[in-house]
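J.: For reference, the chains in residue letters:
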Amino acid sequence: MTEQNTAPCPECDCSITFDQPPLTSEITTCAECGVELEVTSIAPLRFAQAPEVEEDWGE
Amino acid sequence: MSDQTPRVALLYTRIRTEERLLLDSFESLGAEAEPIDLRRQCLNPLESESWQNFDIAIDRCVSLTASQTLVPLIEAAGLRVVNSARAAANCADKVTTTSLLAQAGIPVPATRVCVGGDAAFEAIHEIGYPAVVKPSVGSWGRLVARVNDDDAAEALIEHRTTLGGPQQQVFYIQEHIAKPGRDLRVFVVGGEPIAAIARSSEHWVTNTARGAQATGLAISDELGELSVRAAEAMTTDICAVDFLECPERGLLVNEINHSLEFRNSIDTTGVDIPGLIAGHTLSLARTGSPA
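First to last, the protein sequences are chains A and B.
Position 15, counted from 1, in the first sequence is what my numbering calls 15; the numbers after and before it change by one each time, with no gaps.
Position 124, counted from 1, in the second sequence is what my numbering calls 124; the numbers after and before it change by one each time, with no gaps.
No wet-lab data here; the hints were simulated from the structure.
Take every hint as true, because none was put in to throw you off.
Quick list of in silico lysine to aspartate or glutamate cross-link-like pairs, EDC-like style, CA-CA up to 20 Å: (1) B:K134 with A:E55; (2) B:K134 with A:E54; (3) B:K134 with B:E245; (4) B:K134 with B:E122; (5) B:K179 with B:E222; (6) B:K134 with B:D150; (7) B:K134 with A:D56; (8) B:K179 with B:E245; (9) B:K134 with B:D118.
Footprint (simulated), chain A over chain B, 3 or more residues, beta carbon under 8 Å: (10) 8–22; (11) 253–263.
Quantities reported herein were computed from a predicted structural model and do not represent experimental measurements.
Note that the Cβ used here is the ideal one computed from N, Cα and C, for glycine as well.
With the hints as constraints, model all of the structure from the sequences given.
T.: Structure follows, in structure tokens:
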């Protein structure tokens with residue numbers, strides 16, 4: 001299956017395009033509706049809403 | 001190793017802008033960096049073969065749990081990790097951080113640590129109002145509270161002891177520093193202070209994750225020297241050292257970040273922070289410095 005750089009936003013269906021091939025678990029933001037998304041699959045390219053910040057996250 | 005393309009394992013749990021910039025930097029330096037999602041790894045503590053293909057790893061996990069659980073196993077398999085599990089643990093727990101800084105003679109805010117509500121109430125009185133109560137493990141300014149009087153102290157302690165888990169019974173209490181609307185952050189890579197920012201906010205919590213604005217800052221001799229000493233005390237290869245400016249006592253080290261974020265500090269400082277981090281990581285791979 002070939003790699004995709006574009007897929008629809010699961011929230012607003014607007015097209016989201018990556019400049020570079022996306023990576024699994026990459027975080028991106030939909031330019032149209034502003035929702036923060038996580039790449040869950042790269043072939044085919046799929047997104048899910050990025051999780052809320054968890055207690056053990058940080059720098 | 002030096003005549004071959006170095007192979008870097010970039011350990012992560014989310015690919016943020018920082019991880020993208022690091023992957024690009026490794027590539028531009030002629031290395032091959034493979035992103036590895038630690039949430040998808042099933043490690044066998046008795047096996048080390050799968051890590052033999054790498055010359056070094058860099059831990060970029062946003063999840064402290066993933067990092068603290070799996071990085072020690074990767075190190076045990078013989079792979080050098082930047083930062084080491086030990087350095088990460090030193091920075092992740094504020095109690096350990098403060099203890100190591102104090103042992104190294106580095107100035108820190110007055111601090112008390114206790115377990116349980118009664119001791120916490122006494123400690124807050126000892127520190128005096130306003131006091132700052134933080135979780136011992138946490139980041140991005142989350143759950144940091146400024147306590148101005150007994151009513152607020154009692155409410156905070158009751159909420160934490162009643163609603164929180166065991167970790168919330170640990171009270172890390174500090175004096176409130178009347179800083180001038182900003183704190184300072186110095187990025188230290190390989191024992192060198194490479195860049196600094198000031199983080200300004202109208203809110204008393206001056207964390208960029210809480211909306212503070214970053215501006216570039218010249219590194220004074222004192223700031224640079226304290227930063228390097230703090231990084232050494234933590235045994236970090238790379239870190240960001242946060243300072244408070246106390247009107248009476250000058251620079252105090254507030255905390256140290258082992259998995260630093262830097263996306264907003266590249267343009268503001270004019271320093272290629274990911275390039276320097278990648279370059280230092282590769283230098284450790286080539287020299288094979290022990291973890």
